[in-house]
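2 protein chains.
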Amino acid sequence: MTEHTASGQDIRIALDVMGADKGVGEVLDGVGRAYASGLKAKISLHGREDEISSTLNGLGLSDKPISIAHADDVITMNDKPTEALRRGKKSSMWSAMASVKSGDAHAAVSSGNTGALMAMGVLQLRKIEGIDRPAISCIWPTLRGRCVVLDVGANVEATAKQLVQFAIMGEAYFRALTEKEKPSVSLLNVGSEDLKGHDLIRTAATILKEADHEMNFTGFVEGNGISLGEADVVVTDGFTGNVSLKTAEGTARLIGSWLKEALTSNIVSKMGALLVKPSLEEMRAKMNPSNSNGAPLLGLNGLVIKSHGGSDAEGVAAAIKTAETLANHPFQDEIRRTVAKVEARAVAKHLPLEEPAEAAAE
Amino acid sequence: MTEHTASGQDIRIALDVMGADKGVGEVLDGVGRAYASGLKAKISLHGREDEISSTLNGLGLSDKPISIAHADDVITMNDKPTEALRRGKKSSMWSAMASVKSGDAHAAVSSGNTGALMAMGVLQLRKIEGIDRPAISCIWPTLRGRCVVLDVGANVEATAKQLVQFAIMGEAYFRALTEKEKPSVSLLNVGSEDLKGHDLIRTAATILKEADHEMNFTGFVEGNGISLGEADVVVTDGFTGNVSLKTAEGTARLIGSWLKEALTSNIVSKMGALLVKPSLEEMRAKMNPSNSNGAPLLGLNGLVIKSHGGSDAEGVAAAIKTAETLANHPFQDEIRRTVAKVEARAVAKHLPLEEPAEAAAE
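Residue numbers (full-length UniProt numbering), protein chains in the order written: chain A, 1 to 362; chain B, 1 to 362.
Watch out, some of these pointers could steer you wrong.
Stated by the list, open to error - Partial pick of chain B residues on the chain A-facing surface, computed with a CB cut under 8 Å:
(1) V74
(2) M77
(3) I139
(4) G145
(5) S184
(6) G197
(7) G223
(8) G225
(9) S227
(10) F239
(11) T247
(12) E249
(13) R253
(14) I255
(15) V276
(16) M283
Claimed, not checked - Computed spacing ranges between beta-carbons, pair by pair:
(17) A:P352 to B:K90: 36 to 46 Å
(18) B:S53 to A:G219: 43 to 53 Å
(19) B:G103 to A:T218: 45 to 55 Å
(20) A:D72 to B:G191: 28 to 38 Å
(21) A:P278 to B:K180: 54 to 64 Å
Bear in mind the hints are in silico, worked out from the structure with no lab data behind them. C-beta: ideal position from N, C-alpha, C; glycine also.
The shape of chain A in the complex, shown without the other chains (with noise of 0.2 Å):
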């Protein structure tokens, strides 16, 4: 398999835009949104022509590089992965990933069910070379900007080795997402002590250590470093990961509700609202995780991206972007040599890369 670098218009997208909670119009006013704000890219649209077509007619895109790809299936938020494998190969997603197989496009896009994309990756454009389990990854609103987060629900459970193949990955992301040449990597633990936490983190933390120079580790990061921006790349299993992520949207809706509740509380404080109105709008943007929508599975040999299920046109538009962004920058021959590299040193080195999650009990 080829790695397809390409830049501006010459950049191929193909958009699964059937199975989005929202339905076809949102996704397609996604499409529009991405291109009112500076996309070059061509877009293949997979899913049901007549759909598409009809919505299409209405959103004055007619001079955009937009082509249909029809598909008739559609994969729903309830079909179990290994279901969609035996009977998606019609679907709107086995369409959009198979452009990137064939080098049609350089990235898919899609909104649908994360387990059957996740599946569908690996089966179409397998793993990369040395990477046992792809990770989803996410972006992530901190103090000092952003950081990327992963796994986040591909994997319950991670060993060492994994972890270590997680923490290249999320490097070679961070890296190709903002182009800051060394983002500094942390593995997400109970404790900055060496001391705390499995055995395995400790592990992958040695191995990184001992086997990855180039590699700006920084150690452990504690649940709340997330939020404050402590590191550019947070490694942690997809169980963990999953668990924090949540939290932390529940935790924003939580304090949404007491703010709104406050700022209505009284006649004074509504009068107070109103002015300062425009700014808590600008706090809600970037809080507005449409914003930081679209996160590529790692670990494939060929770029997906995975757009939130329940994504607006907002959300799409960034998605789409995103996808546009690292075609420039493909980094899956960088996560393949790297990858070789530290395991590699890991094993000259005699450190324990094999050493299996269960015998890791504490």
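Following the hints, put chain B in place on chain A, whose structure we already have.
Quick look at chain B alone, frame taken from chain A:
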């Protein structure tokens, strides 16, 4: 060991005055505030007598039922639990705990080193019969009031059996704290469908469903469900619980910082901020961790309340008042009876109670 029930002014609390981040003055100030807000219990102050009496003199508490129990040594935040056990028998922490053991006090309260406190608790008071490992809980503000989350740091791993025990302990504690007869209890997981998550969490869910008919067990809750108030008691292992708690703290700080920025970003916002300030102060009070300070070490044969190391006087007062509340509703016997009953039923039904955590790998 007998269980001590008492009420109002008959309750005796042993307060470890040393080892808190903000010093003896802040802790004693907390004692004053606790009495000012209606505390009736007697308090014995454990620590260096000269330091305590000289500080106490200026606080105008001479009419309160306060006594001093001299102890030479102090456990510091840097002492390892094993060191604390070996060298700490003359410490204020040991002395406060010994009062509970002897029956001189109904509860011990300490803002000192958590690991040392837990180790001393297990050694002096012993674990409740049937409990494998004690747990640390926290009180978490939610959209619907508050919930209890445990374990938040005593054990980095938990077997299915231990999760079941945490659920039973959390339920008894929540009932004692709030007098709600049937608190809802959920297991923290990555998805609300039965198929998701670790095997051991599913096993714990099966045991709670099949063997604890009296519990209002409501299945799984995701990370966002904690702050949304979807359960009264949220059960997880100490690693996930600690990461989740600290993630919420970090998120709250991030949003707080953005809010401050928004309210001072221009002259109009600053004017508005003056008007909304009183309402925001009320909101800040809800978010103030001091209000929910003071969590029992669950699973010990006696009441030991851990106050946050960095607590201010308000926080210390809250912990002391929690000690008084819980001393009025002893729940150690209830935990012992429920654990015995649930385990007997699980054995009778051939539920996989003894499955070790390692066997639960995906």
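A quick look at each hint next to the structure:
Proximity of B:V74 to chain A is violated relative to the hint, the smallest CB-CB distance being about 21 Å (cut-off 8 Å). A hinted interface residue such as B:M77 counts as satisfied when its beta carbon comes closer than 8 Å to some beta carbon of chain A; here the least separation is about 11 Å, so the hint is violated. The beta carbon of B:I139 comes no nearer than 14 Å to any beta carbon in chain A, farther than 8 Å, and the hint placing it at the interface is violated. Taking 8 Å as the C-beta contact cut-off toward chain A, the hint placing B:G145 at the interface is violated, the least distance being around 11 Å.
Interface restraint check: B:S184 against chain A, minimum CB-CB distance 16 Å, threshold 8 Å, status violated. Evaluation of the B:G197 hint against chain A yields a held restraint, the C-beta minimum of about 6 Å falling below 8 Å. A distance limit of 8 Å between C-beta atoms decides the matter here; for B:G223 the minimum to chain A is near 3 Å, and the interface restraint holds. A distance limit of 8 Å between C-beta atoms decides the matter here; for B:G225 the minimum to chain A is near 7 Å, and the interface restraint holds.
With a cut of 8 Å, the hint placing B:S227 at the interface with chain A holds, because the nearest CB-to-CB distance is about 4 Å. For the restraint placing B:F239 at the interface with chain A, the shortest Cβ-Cβ distance is roughly 6 Å, inside the 8 Å limit, so the hint holds. With 8 Å as the threshold, the beta carbon of B:T247 comes within range of chain A, its nearest partner Cβ sitting at about 4 Å, so the hint holds. Hint status for B:E249 relative to chain A: holds, with the closest Cβ pair at about 5 Å, below 8 Å.
The beta carbon of B:R253 comes within 7 Å of a beta carbon in chain A, closer than 8 Å, and the hint placing it at the interface holds. Below 8 Å, beta-carbon pairs count as interface contacts, and B:I255 has one with chain A at about 5 Å; its hint therefore holds. With a cut of 8 Å, the hint placing B:V276 at the interface with chain A holds, because the nearest CB-to-CB distance is about 4 Å. For the restraint placing B:M283 at the interface with chain A, the shortest Cβ-Cβ distance is roughly 4 Å, inside the 8 Å limit, so the hint holds.
Distance hint for A:P352 and B:K90: a CB-CB separation of about 42 Å, consistent with the stated range 36 to 46 Å. Under the hint 43 to 53 Å, the C-beta atoms of B:S53 and A:G219, about 44 Å apart, fit the expected range. Look at B:G103 against A:T218: about 50 Å separates their beta carbons, and that is inside 45 to 55 Å. The hinted window of 28 to 38 Å between A:D72 and B:G191 holds, with their beta carbons roughly 29 Å apart.
Our hint of 54 to 64 Å for A:P278 and B:K180 is violated, since their Cβ atoms are close to 43 Å apart.
The structure fails hints 1, 2, 3, 4, 5 and 21 (numbered hints given earlier, in ascending order).
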